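**Student:** Each chain is listed here by its residues.
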Amino acid sequence: MEKENKVIRDMVCIMCPASCHLEVREGAEKGEYDIHGNQCPGGKKYALNEMCAPKRIVTAVVSSDSKCIACIPVKTDQSLPMELIEPLLQELYQMKISVPVRSGDILIKNYKNTGVDIVITRSVEK
Amino acid sequence: MNTLYYDCAVIGAGAAGLCAGAAAAGQNLKTIIIDRESHPGGVLLQCIHNGFGLHYFKEQLTGPEYAEKVTENAVKAGADLLMDSTVIEIKDGGKEKILTIYSGKDGVTLLHAKAVILAMGCRERCRGNLGIPGDRTSGVYTAGAAQKLLNIHGVLPGKTAVIAGSGDIGLIMARRLSWCGVKVKMVTEIMPFPAGLSRNIAQCLEDFSIPLRLSTSLTGIYGKDRVEYVTIAPVIDGKVDHSKEEKIFCDTVLFSVGLIPENELSKACGIKMHPVTNGPVTDSSSMTNIPGIFACGNVLHVHDLVDFVSLEAEKAAENCVKYVRNLHKGKGEDFREDIPVTAEGALRYILPVSCKKGEEASFYMRSSSVLRKARLTVSCKGDILAEKSLSYVKPAEMIAFTLPAEKTGNLPPGSTISFSLIPVNEEEKENENGKRK
Ligand SMILES: Cc1cc2nc3c(=O)[nH]c(=O)nc-3n(C[C@H](O)[C@H](O)[C@H](O)COP(=O)(O)OP(=O)(O)OC[C@H]3O[C@@H](n4cnc5c(N)ncnc54)[C@H](O)[C@@H]3O)c2cc1C
Ligand code: SF4
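First to last, the protein sequences are chains A and B.
Under the numbering used here, think of the first position of the first sequence as 573, with each following residue one higher.
Under the numbering used here, think of the first position of the second sequence as 1194, with each following residue one higher.
Some clues are possibly wrong.
[Claimed, not checked] Output of the computed footprint for chain B on chain A, the stretches with three or more beta carbons under 8 Å from beta carbons of chain B:
(1) 589 to 600
(2) 622 to 631
(3) 634 to 648
(4) 690 to 696
[Unchecked claim] Computed footprint of chain A on chain B, listed as stretches where at least three residues anywhere in the stretch have a Cβ under 8 Å from a Cβ of chain A:
(5) 1231 to 1242
(6) 1338 to 1346
(7) 1395 to 1404
These aren't lab readings, by the way, just hints derived from the structure by calculation.
From a predicted model like this one, the values you see are computed outputs, not experimental measurements.
Backbone N, C-alpha and C define an ideal beta-carbon position, used for all residues, glycine too.
Model the full assembly from the supplied sequences, consistent with the hints where possible.
**Tutor:** Below, the structure written as structure tokens:
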């Protein structure tokens, strides 16, 4: 059997509830990684991202002028680089959403040129 | 007093009630879904994080998005929604059940239904349930109450927090609070393993370098008007070692120490309860011991995934439809033989507790300990009916298993099916493989 390289990091894949335990090993070339333990390609992608530039889906609430619901939930439509999370949250906390809004409406388009949109996740009529 | 007549009454408009209601109405039962809140969705509305719906809708949704989709399905299917209305009593009148409903707007309503689906969800265990000593101060919340405060009402519960218990709600709240500028000092867990999903430990604690103190008990909460500090102590061999007590300064304590199915209504109407799950005992048609009363979702047993809640709810509704049709036809119950089902080995419980001979059945179960590798064996008098290998089994993560119809078709009368979870020793397995080579 071919000798496997040393495990350099253990992690849990957060892409779905299966929570696969991933092992990152050094790859054949320097700077390359082999990923083990993933049940689907998503896990490999996640682990490689974690090794170079970790990203997360961010969810938060933004205050609103609605008479029924004090704040409206929002999310990033894709994972956002971790270092941008804090600036994004600060920006969201300053905003006020005017109702009516529909779930899926875009609050901020292409945040800081990342291609990530901030999307409203609850419809509020009034 | 108003009187209403329906085929099917669903109590609770959370994920379970909405999915059950949609399925029942979709099969042309006159269906009503009743909830005491003003907006349908149940606990999903306050779960603004994503991670819902990957199985059921094949996409990652947040709680409110999932709620909106299942509400839409229920309304489209023709179910009526009755909000701001609390069911205060269920009476079993045989072929007819009578619900007493109270609302501020309409007063008391009597609802006559041929069948009832229980979908009341669950409530959180709190400081009182654990009997934590100390002062009666403000700043002590259950994790879910803090979640509602923050995500629905937009109010921060405090500035520095300790979270007692590593349940998922507590973990999710650790991240949520951190993102709101609240310092979460630690999460304590009395057991040697975490109660929540592994992914939540990774993305909610590790990302924020929040320490998880396993085998640690919260021993007291102190402060004059507001929480000033808590004490924690290690648990060694199941006993709290008070000599090693530490003070942790904080102004907020959240409890995430488990959920209890909400069953006051069910108990009062004579429904039999399961000693482990604290929910009703059901057969493979999701029916309780009272014919015509079904249960699904967190009121039946606590779920970690909403997808399973929805599937379970559809199944309950399907059987409810059958029950109502049989009533119409004047047919009685299904007289196919019930085969009892037991949970053994490292299984803490299994639901349902019986299945019908020669009919496909879906089972849900939880383990009582953490196992790296394990085998689930379904057997009857020593004959193995089915087997499945599992890895990273944890009490926090529910195991689902479907037993195909043909497996039970030929079992002799008086059989019992046993589900058993046995740890697999990896070294042994490797040796075995080695020998085979
Ligand atoms: C904080 C938290 C985080 C979670 N995170 C995830 C996750 O990331 N991914 C995932 O898949 N799942 C997650 N879950 C699990 C999943 O969301 C729940 O198991 C599911 O939503 C429960 O649905 P339910 O309908 O059984 O209960 P609930 O949503 O609690 O609904 C019960 C409803 O019944 C109503 N009710 C109760 N009694 C009465 C009465 N007497 N009269 C009228 N109405 C009544 C209540 O008002 C409530 O609306 C999470 C759960 C929680 C609590
Ligand atoms: S590897 Fe695939 S299956 Fe496993 S947790 Fe990640 S996304 Fe889910």
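**Student:** Hint by hint, say whether it matches the structure.
**Tutor:** Quick rundown of the hints versus the structure:
1. Check result for the stretch 589 to 600 of chain A against chain B: holds, 3 residues qualifying (beta carbon to beta carbon below 8 Å, three or more required).
2. With 4 residues having a beta carbon nearer than 8 Å to a beta carbon of chain B, the stretch 622 to 631 of chain A meets the requirement of three or more and the stated coverage holds.
3. Counting residues of the stretch 634 to 648 of chain A whose beta carbon lies closer than 8 Å to any beta carbon of chain B gives 7, which meets the minimum of three for the stated coverage.
4. Counting residues of the stretch 690 to 696 of chain A whose C-beta lies closer than 8 Å to any C-beta of chain B gives 3; at least three are required, and the coverage claim holds.
5. Here the stretch 1231 to 1242 of chain B counts 4 residues with a CB under 8 Å from a CB of chain A, which clears the bar of 3, and the coverage holds.
6. Note: the stretch 1338 to 1346 of chain B has 4 residues with beta-carbon separation from chain A under 8 Å; the three-residue rule is met and the coverage holds.
7. Coverage of the stretch 1395 to 1404 of chain B by chain A holds. Counting CB-CB distances below 8 Å, 3 residues qualify, and the rule asks for three or more.
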